[in-house]
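Peer 1: Keeping their order, the protein sequence lines are chains A and B.
Quick note on the UniProt record's numbering: the first sequence kicks off at 1 and runs consecutively.
Quick note on the UniProt record's numbering: the second sequence kicks off at 1 and runs consecutively.
Since the hints were derived computationally from the structure, they do not count as laboratory data.
These numbers were taken from a predicted model, which means no experiment stands behind them.
Heads up, a few of these hints could be off.
Which copy is meant is left open, so a pair is good if it fits within one copy or across any two.
Below are the SDA-like pairs computed for lysine to any residue, each with C-alpha atoms no more than 20 angstroms apart in a straight line [stated by the list, open to error]:
1) K25 <-> G294
2) K398 <-> A372
3) K337 <-> L29
4) K124 <-> T323
5) K25 <-> K39
2 protein chains.
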Amino acid sequence: MSDPLRLGIAGLGTVGAGVVKILEKRADLIAARAGRPVKVTAVSARTQGKDRGFDLSAYAWEDDPVRLAARDDVDLVVELVGGDNGPAKDTIEAAIAHGKDIVTANKAMLALHGQELAEAAEAKGLCLRFEAAVAGGIPCVKALTESLAGNRIERVMGVMNGTCNYILTRMEDAGLPYDTVFAEASALGYLEADPTLDVGGIDAGHKLALLASIAYGTRVDFEAVRLEGIERVSIADIRHASDMGFKVKLLGVARMTGRGLEARMSPCLVPAASPLGQLSGATNMVVLEGDAVGRIVLRGAGAGEGPTASAVLSDVIEIARGTRLSTFGQPAASLVKGTRAQSGSPAPYYLRMELQDKPGALAKVAACLGDAGISIDRMRQYDHADASIAPVILVTHKAGRPDLDAAIERMTETGVLTGEPVALRIEELDD
Amino acid sequence: MSDPLRLGIAGLGTVGAGVVKILEKRADLIAARAGRPVKVTAVSARTQGKDRGFDLSAYAWEDDPVRLAARDDVDLVVELVGGDNGPAKDTIEAAIAHGKDIVTANKAMLALHGQELAEAAEAKGLCLRFEAAVAGGIPCVKALTESLAGNRIERVMGVMNGTCNYILTRMEDAGLPYDTVFAEASALGYLEADPTLDVGGIDAGHKLALLASIAYGTRVDFEAVRLEGIERVSIADIRHASDMGFKVKLLGVARMTGRGLEARMSPCLVPAASPLGQLSGATNMVVLEGDAVGRIVLRGAGAGEGPTASAVLSDVIEIARGTRLSTFGQPAASLVKGTRAQSGSPAPYYLRMELQDKPGALAKVAACLGDAGISIDRMRQYDHADASIAPVILVTHKAGRPDLDAAIERMTETGVLTGEPVALRIEELDD
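Just chain A, with the same shape it has in the complex (with noise of 0.2 angstroms):
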């Protein structure tokens, strides 16, 4: 059997701690599978003190993880400190500038400074993976990069961020409008620091911008992801949704298409009884769509020690086993600038207003409708406590997003909407 691959973990959280107790338990299981041993020879985290479930004493500790990433004895450092920058960064970088192999799971840097890190790894011969920092425990890289390499990749899609899923999932089931459940899912420790993060799809749109990356063979641009959160959202949508049919599901989608690419997070309307539609709780999915394979679907835990460390694992023993893969499966200083699709393609929209309760109220809604070109497949009036308010739901025909702002926006004008409309893309799923 050939050397140990030796590690330096950088981060002890719940998901370095994860990393280092699996290989402790499943050593021989590992090194059987990988070929040679895989080791932890080097740790370092915020605090020492604090107890993790595992002896700190058998690993050479370090302060600083750059310091860590510089060691003689680590081959490969698995960066878990997190953030978008600082020691996250600087330890990559470091990792980098001492010709150590990188493993991560931080979406939020790869988004924001993948391009230019994984060029600096691969101009040094170096692989920068990151199973785990998309979808947790699905492999969704792996299966994009090598699984669908043979594809044109025709759309990408995923519910990846599993508290939007909870709190939508949560409000339905239990009938309580959004404010609670979020409180609630606060309460438990769902929600990041900055709750923005996962509510307003930013944490889900830096995974997309990734998955986007390497379908599309585009240098990483999470700007071109048009972020919506599910903060907007109302119970009555939820359930309105699911009188026709629907489920709302925090939903990701890139494609390429004839004006650019096409990326958006955003609250969607997809069919009840599609495996997204069924998807409930904290679960993640992915869905890959290639000109060869046709839809592909991937289930299981986006989040948590035991998932994500599996991803860390998965990307570890690729490398102990020899295997060198391209950061977004071809060379990143090959990826090309991708440009930015100026809107979405055209898809049904459902819409809900509150309208005035006067005469000739919904006809002028219609015709704002009209005059952008918009039809209208379905419609409802809702019965209403308040005498003065009706609630109506639409649902159009296949509309540009831009041709439907616009008509809100006169709607708007007209006067007779109490409030803003919620306007939710229906996204296509035919089987």
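Go by the hints and put chain B onto chain A.
Peer 2: Below, chain B alone, put in the same frame as chain A:
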């Protein structure tokens, strides 16, 4: 860019032609991803004349795939000849003898001869890869071999024969009996020339044997798979199961237990609301459970030109990139001989029987179960047109299959049954 990887394609049926067409159509994309061109230099098939949708004259022709495998201008042999012996095996052996890597979609041959072929290939430093052999376009071989390499595998499950799943869901949706749907499937060309390969669970059993080998580091042992086909599943079973919140699936399950490797391919009841229960039509699903990652669900097309060709290309591009993996995730020579579990782990069972409408009949049946130490969870007696026969459905608490079989034998001996009871395992899927 490096030298091209030169392929010899043995077998130009649907899948082989699909591989050639994709390599022609996506040459640039694949070269960018593989880091080098991938091109077909020679092909072989039974008849040369046929129109296969591409220009055959672009490639050297061999009548004999064994001669194809010996060609100097072939680096990698793609074996799509089919059959668990004969020319397919000769082709792979020739490829090994001439130092060529091999990619195959041939589950039957690998299930029966994979151990010796992998050992022979690996002894010469060659790759023998088979993503396309299991569940078509679903990247389950890669997921299990690589993505879950840091996990002790708890259970591997799969619906891996699309024809059987088509038959079972069609029976339910159309309310048609097995024989009628079987005839339909046959007319549609969905069945193998020998249909017991499909409905007898043999084809899916081959696939399970291969996954079990990767999961548990055991030598390929198709004989260890307990096979039970779907021929005895009636529309009544499907309806009763549905009434109780289950679906009937031809489900493969492999687990390593204290009693050895348990591997079975049999019709089982699974919760209707689970991803497995929701799987309808010819779609396949593989469920992998690891101690760290939890449950990963992979869903996609299990057959067909595009999906299978996509899987073949996944292996081809892997090799073009320079990745060298063992056939079963660790050197074949290091795989251990697994003990075969003498019986499956205890589970609840669904039992359907026809009782003669005599006083005391039900008591006698219940006593047989009681004597075998099996307790009854639920019992239903259904309306029946024929007054002399009462259809009875029982769901037992967890029971061992040998105990259940003994109880069924005793029941039959009581003389109160008409025909033989049907016993279907309820596979537990806690969430």
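Peer 1: Hints first: check each against the structure and report whether it holds.
Peer 2: Verification of the hints:
no. : hint          : result
1   : K25 <-> G294  : between (39 angstroms within a copy, 17 angstroms between copies)
2   : K398 <-> A372 : within (12 angstroms within a copy, 63 angstroms between copies)
3   : K337 <-> L29  : between (42 angstroms within a copy, 16 angstroms between copies)
4   : K124 <-> T323 : both (16 angstroms within a copy, 19 angstroms between copies)
5   : K25 <-> K39   : within (11 angstroms within a copy, 44 angstroms between copies)
When each numbered hint is compared with the structure, no violation occurs for any of them.
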